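Each protein sequence line maps, in turn, to chains W and S. The opening position of the first sequence corresponds to residue 6 in our numbering, with each subsequent residue numbered one higher. The opening position of the second sequence corresponds to residue -18 in our numbering, with each subsequent residue numbered one higher.
Hints are computed from structural coordinates only; laboratory data are not their basis. These numbers come from a predicted model, not from an experiment. Check each hint, because a few of them may be wrong.
[Said to hold, decoys possible] Subject to a maximum C-alpha distance of 25 Å in a straight line, what follows is the list of computed SDA-like cross-link-like pairs (lysine to any residue):
#1 W:K39 x S:V43
#2 W:K39 x S:P70
#3 W:K39 x W:V107
#4 W:K39 x W:F20
#5 S:K155 x S:F144
#6 W:K39 x S:L154
#7 W:K39 x S:T55
#8 S:K155 x S:A53
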Amino acid sequence: MIELLATRYAYLLMFVLLGIGLYMTIASQNLVKKLIGVNLFQTAIFLFFVAVAYVEVDGEPGGSPVVPATENPASSDLILASPLPHVIVLTAIVVGIALTAVGLALIVRIYSEYGTLREDTLREVRADE
Amino acid sequence: MSLVAYTLVAFILVTAVATALFRDVLSAIVVFGAYSLGMAILYTLLLAPDVAMTEAAIGAGVTTILLLLTIARTSRPSTERLFEPINVPALVIVGAFVLVLVTQLLPEMYAVGDPAAPVWSNPEVTQAYLEQTYRDTGVQNAVTAVLAAYRGFDTFGEAVVVFAAGIATLLVLKREVFA
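Sequences and hints are given; from them, build the entire structure.
Shown next as structure tokens:
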């Protein structure tokens, strides 16, 4: 059991972070903190992709995805982390910041319209209209 | 799995829980910046320096600045209490979700770094890219090669998304906050 958790520590961390991010989006009444929760959830997914790409042979970690400058590299030089999940995560980080920016712009508008950032107060104000 | 990795995992967990529980939004934002930095170091340990640099610049840098700008434009409710009260129903639901993931999904996953994992063991995918990258593109960094050459159109699509987000932000704010 302990060994299972120790060898899969990155996935375990990812599951716990998914839970914390989800909890923030559900339980936090402040809209900004909800958005931080969404960001936390995202980074957990990034951790999953990066952990999947990681490789080690007999306990020795491989290399970063930088290949030797030869046309026909030996396969022993190519014990490197997979570059494909890294590229997906790079794209996802940039798309995530775009998402955050739009969300924060909406939050600024909501505040200028209703004068509050709390979800419960917002519900009351909108129910009165 | 070294002592450094264990320490980082503990640091990330503590900062994540602190982000969730701090009642003051400014404190939560600052702790979230520390969390992003810890995450970036963990990515470096997991052999992803490109991802780590992007996370440090965008996750710890730009996200924190955007959040702080939002706080400056809106309000930061003053409180005497340090932590938020725990929302028990939400905690039960989320706890059940995490419990199901850990008990059902975790034993089925490959160990971190296992070369038998599908991402790495399939010679048609990772090895093929690693072998061909220098021959095809003349770039040694395989991440750069995939990002700009093999998956160039994906990166173009990403730029379109960022452009659309910029337009959406300007429209939503009606330029009033920039005046």
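Status of the hints after comparison with the structure:
{"no.": "1", "hint": "W:K39 x S:V43", "verdict": "holds (18 Å)"}
{"no.": "2", "hint": "W:K39 x S:P70", "verdict": "holds (17 Å)"}
{"no.": "3", "hint": "W:K39 x W:V107", "verdict": "holds (14 Å)"}
{"no.": "4", "hint": "W:K39 x W:F20", "verdict": "holds (18 Å)"}
{"no.": "5", "hint": "S:K155 x S:F144", "verdict": "holds (17 Å)"}
{"no.": "6", "hint": "W:K39 x S:L154", "verdict": "holds (20 Å)"}
{"no.": "7", "hint": "W:K39 x S:T55", "verdict": "holds (15 Å)"}
{"no.": "8", "hint": "S:K155 x S:A53", "verdict": "holds (18 Å)"}
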